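> Residue numbers (this note's numbering), protein chains in the order written: chain A, 1 to 183; chain B, 184 to 376.
Treat the hints as calculated values from the structure; they're not laboratory data.
Note that the coordinates shown come from a computational prediction; the quantities given were computed from them, not determined experimentally.
We treat Cβ as the ideally placed atom computed from N, Cα and C, and that holds for glycine.
Hints are not guaranteed to be accurate.
[Said to hold, decoys possible] A few chain B positions that, by computed beta-carbon distances, are all more than 12 Å from chain A: (1) 203; (2) 205; (3) 298; (4) 336; (5) 347; (6) 349.
[As the list claims (entries may be wrong)] Output of the computed footprint for chain A on chain B, the stretches with three or more beta carbons under 8 Å from beta carbons of chain A: (7) 194 to 201; (8) 211 to 218.
This is what each chain is made of:
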Amino acid sequence: LGGLAVREFDPDVIRRAKTGDERAFAVLVDQYHARCVRFAQQMLLSVEDAEEAVQDAFLRVYDALPRFDESLRFEPWLFRILANRCRTARVRRRRRDAVVMYSDSAPEMAVGPESDEAAQEELWALLESLAAEQREAFLLHHVEGMGYEDMAAVTGAGVSALKMRVKRACDVLRARMLEVNRA
Amino acid sequence: VRDERDVPDEVIGALVRRLQVTPASDPRARAAILARVRGRRQAPWRTAIAMAWQPSVPLMAAAALVVAALGVGYVGRVLVEPGATLANTAEIATPELVPVSNDGRVPKTFVLKQPGASSVTLVGDFNAWGEKSTVLRDPSGTGVWTVTVMLPPGRHSYAFLVNDSVWTADPRVPSLVDADFGRATSVVLVPER
Numbered sequence: 001l002g003g004l005a006v007r008e009f010d011p012d013v014i015r016r017a018k019t020g021d022e023r024a025f026a027v028l029v030d031q032y033h034a035r036c037v038r039f040a041q042q043m044l045l046s047v048e049d050a051e052e053a054v055q056d057a058f059l060r061v062y063d064a065l066p067r068f069d070e071s072l073r074f075e076p077w078l079f080r081i082l083a084n085r086c087r088t089a090r091v092r093r094r095r096r097d098a099v100v101m102y103s104d105s106a107p108e109m110a111v112g113p114e115s116d117e118a119a120q121e122e123l124w125a126l127l128e129s130l131a132a133e134q135r136e137a138f139l140l141h142h143v144e145g146m147g148y149e150d151m152a153a154v155t156g157a158g159v160s161a162l163k164m165r166v167k168r169a170c171d172v173l174r175a176r177m178l179e180v181n182r183a
Numbered sequence: 184v185r186d187e188r189d190v191p192d193e194v195i196g197a198l199v200r201r202l203q204v205t206p207a208s209d210p211r212a213r214a215a216i217l218a219r220v221r222g223r224r225q226a227p228w229r230t231a232i233a234m235a236w237q238p239s240v241p242l243m244a245a246a247a248l249v250v251a252a253l254g255v256g257y258v259g260r261v262l263v264e265p266g267a268t269l270a271n272t273a274e275i276a277t278p279e280l281v282p283v284s285n286d287g288r289v290p291k292t293f294v295l296k297q298p299g300a301s302s303v304t305l306v307g308d309f310n311a312w313g314e315k316s317t318v319l320r321d322p323s324g325t326g327v328w329t330v331t332v333m334l335p336p337g338r339h340s341y342a343f344l345v346n347d348s349v350w351t352a353d354p355r356v357p358s359l360v361d362a363d364f365g366r367a368t369s370v371v372l373v374p375e376r
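Please take these sequences and the hints and turn them into a complete structure.
Next up, the structure:
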């Protein structure tokens, strides 16, 4: 497993959350919310869509917790649900965009200082240059610090396919950054 | 274990460090999640099944718990599933041709017969118990107030609010006293499709 952000819980928190203890569930939400928002925003490139996907994911986690196998780790399971919600959100957005004609504007920006917005716009533009599967693999591996076995559990793809996606994502990003720097 | 080839080079490493800046977690967003969870407390049979799966529970005891849970689940489902086998349960029936939305939500129609009411709203865990979020209509003026909402699969608690003030559980399904609200609420189960 990648060493960036491995946090595991006292198993009792998961156990209590499984039986419907809302305080225990609140601990899980507090612990993971920010990372889930980060992943969803970088996958969907939209603050609003990300918030909806994260909320939906946590509700599904709560409903599905009684079926969670405690011999597995919680984090990949959470991210599998979140990644699925992000995929659903992308499909929904494609349908929505097919009906409502949008301009070719930049992705929606978070409210914040001008410099933050510009920085986020630049980062999101880079991520937008990746195919969704590449972006997902890149973010899980490099940003969330997940190992390939966990990524396989999250995405349902094989380890070698995931390695290839990460490599291609890095190639695309390098080329894109070079292009931007030259411009 | 991450293999050496995955160590990002300087260019990618710098990008990753920028992407790893975690956005502020909005407390209102976290509160909204917990508000929606409240009232979705798991049914007894689900809790029992969860308990049975604990590694510390011996196999036979786990089996007994699951059997008991399934029995409770069946009875509970009959009691609370609208349109179920009990003759006088609610007619919160799903239409014959059920349109399922992209996100798995299905339409549920809620009905309250309340002649003389000036307004009826639906409050439940699915609308964060918002008193003005979901308004029932009585277009025919016969006192039969209805509204159809799209609900995700799962167990949902709800009640009606009559004339903005009178909390009313659905009289056509057995109600439970909700521990959080101290008032009677009804339950609808939406199966996965």
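> For the stretch 211 to 218 of chain B, do at least 3 residues have a Cβ located nearer than 8 Å to some Cβ of chain A?
Satisfied; 5 residues make the cut.
> Over 12 Å to the closest beta carbon of chain A is the bar; see if residue 347 of chain B clears it.
Holds, since 28 Å exceeds 12 Å.
> Checking a non-interface call: every C-beta of chain A should be farther than 12 Å from the C-beta of residue 203 of chain B. Is that right?
The claim breaks: residue 203 of chain B does not keep its Cβ more than 12 Å from every Cβ of chain A (closest is about 6 Å).
> At 12 Å, judged by beta carbons, does residue 205 of chain B keep clear of chain A as stated?
5 Å, violated
> Is the nearest Cβ of chain A still more than 12 Å from the Cβ of residue 349 of chain B?
28 Å, holds
> Closest CB-CB distance from residue 336 of chain B to chain A, is it above 12 Å?
The claim is violated: residue 336 of chain B sits with its nearest Cβ about 8 Å from chain A, within 12 Å.
> With a C-beta cutoff of 8 Å, work out whether three or more residues of the stretch 194 to 201 of chain B approach chain A closely enough for the coverage to hold.
Three-residue rule met by the stretch 194 to 201 of chain B, so holds; n is 5.
> Examine each Cβ of chain A, and state whether all of them lie more than 12 Å from the Cβ of residue 298 of chain B.
Answer for residue 298 of chain B: holds, closest chain A Cβ roughly 36 Å.
Of the numbered hints stated above, those contradicted by the structure are hints 1, 2, 4, listed in ascending order.
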